[in-house]
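**Student:** Here is what each chain is made of, one letter per residue.
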Amino acid sequence: MDKAVAAVAASPRPRPSTSTCSAVSAAAGEYAQLLSDPRAVFLLLFFVVTYFRLVFYLGTASLQLGDMLGLRDIEVDGEQAPLARDAAAGGCEEGTQDMLSEAEAETAAN
Amino acid sequence: MAEQARLEDEVEQWLSLLGWIAPIGAIMAAVTGYAYDTLGALWGMGIVVGLGLVHSVFVLVPVVEAQPVTFLTYTLQQEAIFAVILARVLAVYGAARFGVIAGTLFLIGALCAIGVTPITAVVLRQNDGEFFAANLGLLVLTLISAGYLYQLWREEREDQDLNKGDE
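Chains as they are written, first to last, in numbering that gives the first Met the number 0: chain A, 0 to 109; chain B, 0 to 166.
Because the hints were derived from the structure by calculation, they are not lab data. From the three backbone atoms N, C-alpha and C, an ideal C-beta is built for every residue, glycine too. Mixed in with the good hints, there may be bad ones.
[As the list claims (entries may be wrong)] Where chain A lies over chain B, by a calculated footprint (3+ residues, C-beta under 8 Å):
1) 5 to 11
2) 23 to 33
3) 76 to 84
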């Protein structure tokens with residue numbers, strides 16, 4: 000065990016402070032000591048990267064799976080999200096063509 | 000209408016399958032905990048890194064049939080990471096600082112996770128909802144973070160050398 004880790008591990012259990020100022024000061028000291036320890040920093044970086052990736056997947060899995068399944072009706076802020084390339088290209092193009100055809104048919108009928 | 004009904008059936012089937020996979024992750028907490036205690040931190044963390052790499056690769060495969068593997072590795076790693084990280088904090092720092100260190104880790108992790116929302120918004124608005132580039136970036140980050148295994152190996156060697164010196 001290196002010296003920095005040993006110092007943290009061997010230091011006495013922190014006691015509750017009587018004032019807010021001393022409590023904040025004690026906590027800041029604890030965190031500063033922690034972040035000066037390379038073992039803790041490497042552990043922190045590893046955890047942050049892994050945790051971020053997991054949260055990112057959790058937050059976007061429905062969008063990604065929806066894209067793969069070909070769903071088109073997902074909305075963001077009340078607007079249809081440009082989820083898949085074919086939604087923007089094929090889907091919208093077909094819809095526009097249908098509308099144009101209908102408009103032409105109506106014009107011709109009139 | 001028939002196409003929509005077929006799509007709804009398909010979505011329901013996939014959601015049902017993913018719903019069955021989700022609780023399986025719980026077993027990984029016990030598995031990695033046991034591996035950590037019996038084989039060492041390197042093995043426990045190695046399982047977490049391995050799951051992360053498989054997940055990061057499979058999430059890049061744009062085929063829905065491959066996604067049960069992505070979801071399985073996600074749920075397995077989610078359980079494994081907390082078991083191993085908490086075990087590591089306790090093993091290195093002891094009980095006296097467990098609360099401060101575990102709390103700091105989770106607080107900083109949660110603060111960084113706030114970035115998920117703006118990144119998702121950018122992907123939806125600027126990148127046509129295409130997550131490949133974001134997932135590729137995360138794969139690169141995962142590969143870099145796998146270097147933590149080397150750091151752990153060094154830490155274990157340092158501890159062994161110090162223990163030999165004490166004897």
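**Student:** Now look at each hint and say whether the structure bears it out.
**Tutor:** For each hint, the structure was consulted:
1. 5 to 11: Coverage by chain A holds here, the residue count being 3 at a Cβ distance below 8 Å.
2. 23 to 33: With 0 residues closer than 8 Å to chain A, the segment 23 to 33 of chain B misses the three-residue bar; violated.
3. 76 to 84: Contact hint for the segment 76 to 84 of chain B vs chain A: holds, 4 residues under 8 Å.
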